[in-house]
Amino acid sequence: MRKRDFIKRLVLGAGLALGLSSLVPAQAADDTIKVGVLHSLSGTMAISETTLKDTVLMLVDEQNKKGGLLGKQLEAVVVDPASNWPLFAEKARELLEKDKVAVVFGCWTSVSRKSVLPVFEELNGLLFYPVQYEGEESSKNVFYTGAAPNQQAIPAVDYLMSQGVKRWVLAGTDYVYPRTTNKILEAYLKQKGVAAKDIMINYTPFGHSDWQSIVSEIKKFGSAGKKTAVVSTINGDANVPFYKELGNQGVSAEKIPVVAFSVGEEELSGIDTKPLVGHLAAWNYFMSVDTPENAAFIKQWHEFIKDPKRVTNDPMEAHMIGFDLWVKAVEKAGSTDPDKVAAAIIGLETPNLTGGIAKMLPNHHITKPVLIGEIQDDGQFAVVWQTKGTVPGDAWSNYLPGSKDLEADWTAPINCGNYNTKTKTCLGTKAK
Amino acid sequence: MPRSHCRISRAITAIALLGLLWLGAAAADTLEDALPGLADRALPVKKQAVAAIVAAGEVRALPILEGLLVGDLYAREGDPPVVLVRSAGSVVRSIHPITGADLGEVDRASIKKITLTNALRTELRGAIAALSLGSPDPQVRLHSARALMQDPNPAAVAALRARLGQERDTRVRATLDLAMAVADLQVGTAESQRAAIAHLDGSLYPEARNALATLLATDALDPAVAVAARQALAGIDARVAWNARAETLFFGLSLGSVLVLAAIGLAITFGVMGVINMAHGELMMLGAYTTYLVQQAMPGLLDYSLFIAIPAAFIVAGLFGVAIERTVIRFLYGRPLETLLATFGISLILQQLVRTTVSAQNVTVENPSWMSGSWQLNPGLALTFNRLYILVFAMLVFLALLLILKRTALGLQVRAVSQNRAMARAMGVRSARVDALTFGLGAGIAGVAGVALSQLTNVGPNMGQAYIIDSFMVVVFGGVGNLWGTLIGGTVLGVANKFMEPWAGAVLAKILVLVFIILFIQKRPRGLFPQRGRAAEG
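Those sequence lines, one after another, are chains A and B.
Each residue of the first sequence is one higher than the one before, starting from 4 at the first, in our numbering.
Each residue of the second sequence is one higher than the one before, starting from 10 at the first, in our numbering.
Okay, chain A solo, but in the shape it has when bound (with noise of 0.2 Å):
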């Protein structure tokens, strides 16, 4: 009977400590304007999430120290979704209701996002959403600020393409993010008159750590004497083993060059990377990028963080711009009000800091420049091309049959967020 006391006390105290975290940032003054910060502290995605979380905070205490916004000062509440995604749906429903911010900054995955989605549209919230994502999407209470497949997946294969590759490999974890990008580049490569044949497709699990067998096969349909590419759409921690079975293998970059999607500053900071030198990234930015903006943003960060070796990636810089649209178009709108800041923000502009500009677009995407970056031996990216000017970001993918004819504007007359322009119908927000 004691031990089952003991348990059932630990278990208690364990929700009160629980319920006590989540307690502290409601008591705060009436005089702010609440920024909710909705990324995982715990669990699997803790590893990427938690230095946006930093970075949101660091973005808050910047516009504070400038004066605050409209009079008033900014105040972060910070939940911690714990990498669950239906937890990700209450937390969200638990700022917007509870906390009553007046925009909330979130999420990775894309699972975690299609979870929320429905909260945010159901109480009118603001969602800005700062990771690469499949497209197919554009609600009218998200704005994403991490690039559509036009702006990462797209120009990476054209690069490739321009270094004489012809046979492909399309390697991906198993879900919607990987499945759908591949789907489109699937559909652009036949396109551009690559046989089915000269393409590869696999996925595996989640956290795949066993790569002999597949590497092992990249290696055979890459030695048919036609030049191969690996696109990897492989998630977050898989690919440590995946690059070192490649290394151990002797796969070099230089025979058969690996692109990442999802691969940035901040993973290769847990890899050691001399067997990884040579292969690619694609990305909008990268903290190699030599911009007096850029050099000043990660001085900040390292202010911020009182660590000088943390690094700075993309979606890092997705939620400066996030960030700075809206409190330009805070400004711009004078009040907080999510539709008239949803109506004020389009069209706004805010320099990115790789030397462009960043302009909302009214499909709620933005334009970004398009880099590819080869990984060096210090964990950095070394620029080796990039596109001129900005690309826009494209809600919905003119290679799939599905969404070549739809559209998002959110702007009058049309007003949604997937416009099938042959039949000039609106499919309403929740179709697809």
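These are calculated hints, taken from the structure and not from any lab test.
There may be inaccurate statements among the hints.
[To be verified] Here are some, though not all, of the chain B residues that point toward chain A, as calculated from beta-carbon distances under 10 Å:
id: 1; residue: N127
id: 2; residue: Q159
id: 3; residue: N219
id: 4; residue: R248
id: 5; residue: N371
id: 6; residue: S381
id: 7; residue: A391
id: 8; residue: V468
id: 9; residue: Q474
id: 10; residue: A475
id: 11; residue: I477
id: 12; residue: A505
id: 13; residue: E510
[As the list claims (entries may be wrong)] Computed beta-carbon distance windows for the label pairs:
id: 14; chain 1: B; residue 1: G309; chain 2: A; residue 2: P121; range: 48 to 58 Å
id: 15; chain 1: B; residue 1: S201; chain 2: A; residue 2: G358; range: 49 to 59 Å
id: 16; chain 1: A; residue 1: V114; chain 2: B; residue 2: P308; range: 38 to 48 Å
Ideal Cβ placement from N, Cα and C applies to all residues, glycine included.
Got chain A; can you put chain B on it based on the hints?
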């Protein structure tokens, strides 16, 4: 007449010598002129500079090209604009890239590494191979002949053909012959093509197979050549298929060895003691983090770090195991559900402990140099060293554990307590102490497994969770309470998984293995090697 003849020939020699000198000077100039281009940040300028150096074709350019390729060439202010850098300990010395003269110590902050792209690296490798074909070291010549064979452009073929005339080393000659045969297939007459096919017959080099396949795809092929080529290709394919089978078997054994390593600690705690230890994966994580800490503490001893990490991980994880047993599990013997919940809680606590004390991010555990690379058995089959060593290591751990259980006093007591606790106590065995030590042993083995895993996969707070399901699967499949069952079970599951993966895909293969185990457990609830006798009933 003879005198004037002599004078003329002397004059010619002098002119030729002068010409050579002048040529040499010109080459030196191209090298010198190209150096600032290498230091330039703009890629096109760098490309031009490399192309100029490569085109000069000078042996003296070799150190520059090699330095560039391995990342020893740095840009700096002053003359020369680039230097080779050699570091010995904390001292960094700069060396003139052309003359090789020592330019003294430099400050690392004042120089900047010259970055490369894949296209440049490929070009450099080709140029280095062409330049080092005349190297006195046969190993270097072999390497460069292999490199040139992979990229059969006319210049490379000409260089190889020229080398063939004077090559003495048999291995290099064989490679050169092969490269010539591959080249002859594309351009030669029907006669030389048939000779080339005869030469390529049975070769496992992918280039040979590709050359034959390309030949068969061409139109207007001599029928006799086509027949010979088809036969040769079929022969090669048959040998490649055997290679593939051997490779899959190795992959399977290797996956099996990882499963055995992960499960064998659990075979003690769950199999022998009957404790459902959900924190088993976290004990492995502790072992992996111990490896990380050992490497951090002794950065100079990277190649030996694993030998220090193995006992260290055993002790760390073992102590945690004893502590867990003494503070929690001993109150819960005979109540499996509560043990499960409590150890699950411990696993969360351990994860959070690492997250707060080390970092939420994954940490870098480096591979010692002897763990990298692969063992080339034949041109088409290579076994990676890290997998090979882990396979051997798993066997050693298994044998050691078997010896401990069968041959030591502790082992005897462990078996006695697990078979009949009351009787063992009556015989004077201090069962509480044995419980703690057994659990500590299982935990320690888990820590050792963590050292091996740190060489294969991520080291992060969540790493243990990826292995806990697999570990239980292996122990249950093999038969609870039987070490041999764990060994056979893990190996069978690994090999089955790898043979299914090529045609089913990684996701489906995993599902199929799980379904198979569920069905198997229905038929034989006590696993492959069930424990017999009275102990099994209790």
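(request) Please test the hint of 49 to 59 Å on the beta carbon pair from B/S201 and A/G358. (result) holds, 58 Å
(request) Have a go at the B/N371 hint: is there a Cβ in chain A nearer than 10 Å to its own Cβ? (result) holds, 3 Å
(request) Classify the hint on B/A505 as holds or violated, based on whether any CB of chain A lies nearer than 10 Å to its CB. (result) With a closest approach of 13 Å, the B/A505 hint is violated.
(message) Quick check on B/V468 please, does its C-beta sit within 10 Å of some C-beta on chain A?
(response) holds, 8 Å
(message) Let's test the interface hint: is any C-beta of chain A closer than 10 Å to that of B/I477?
(response) Where the cut-off is 10 Å and the nearest Cβ of chain A is about 12 Å from B/I477, the hint is violated.
(message) Take the shortest C-beta to C-beta distance between B/N219 and chain A; is it under 10 Å?
(response) The hint holds - B/N219 has a Cβ within 10 Å of chain A, the shortest such distance being about 4 Å.
(request) Evaluate the given range 38 to 48 Å for the C-beta pair formed by A/V114 and B/P308. (result) holds, 40 Å
(message) Quick check on the hint: B/N127 CB to chain A CB, less than 10 Å?
(response) holds, 5 Å
(message) Is the interface hint satisfied for B/E510? The criterion is a beta-carbon contact with chain A at less than 10 Å.
(response) holds, 5 Å
(request) Answer holds if the nearest beta-carbon of chain A is closer than 10 Å to that of B/A391; otherwise answer violated. (result) holds, 7 Å
(message) Quick check on B/S381 please, does its C-beta sit within 10 Å of some C-beta on chain A?
(response) At 6 Å from the nearest chain A Cβ, B/S381 passes the 10 Å test, so the hint holds.
(message) Given B/A475 as an interface hint, is its Cβ closer than 10 Å to any Cβ of chain A?
(response) Holds. Min distance 5 Å.
Against the hints set out earlier in the document, violations occur for numbers 4, 11, 12.
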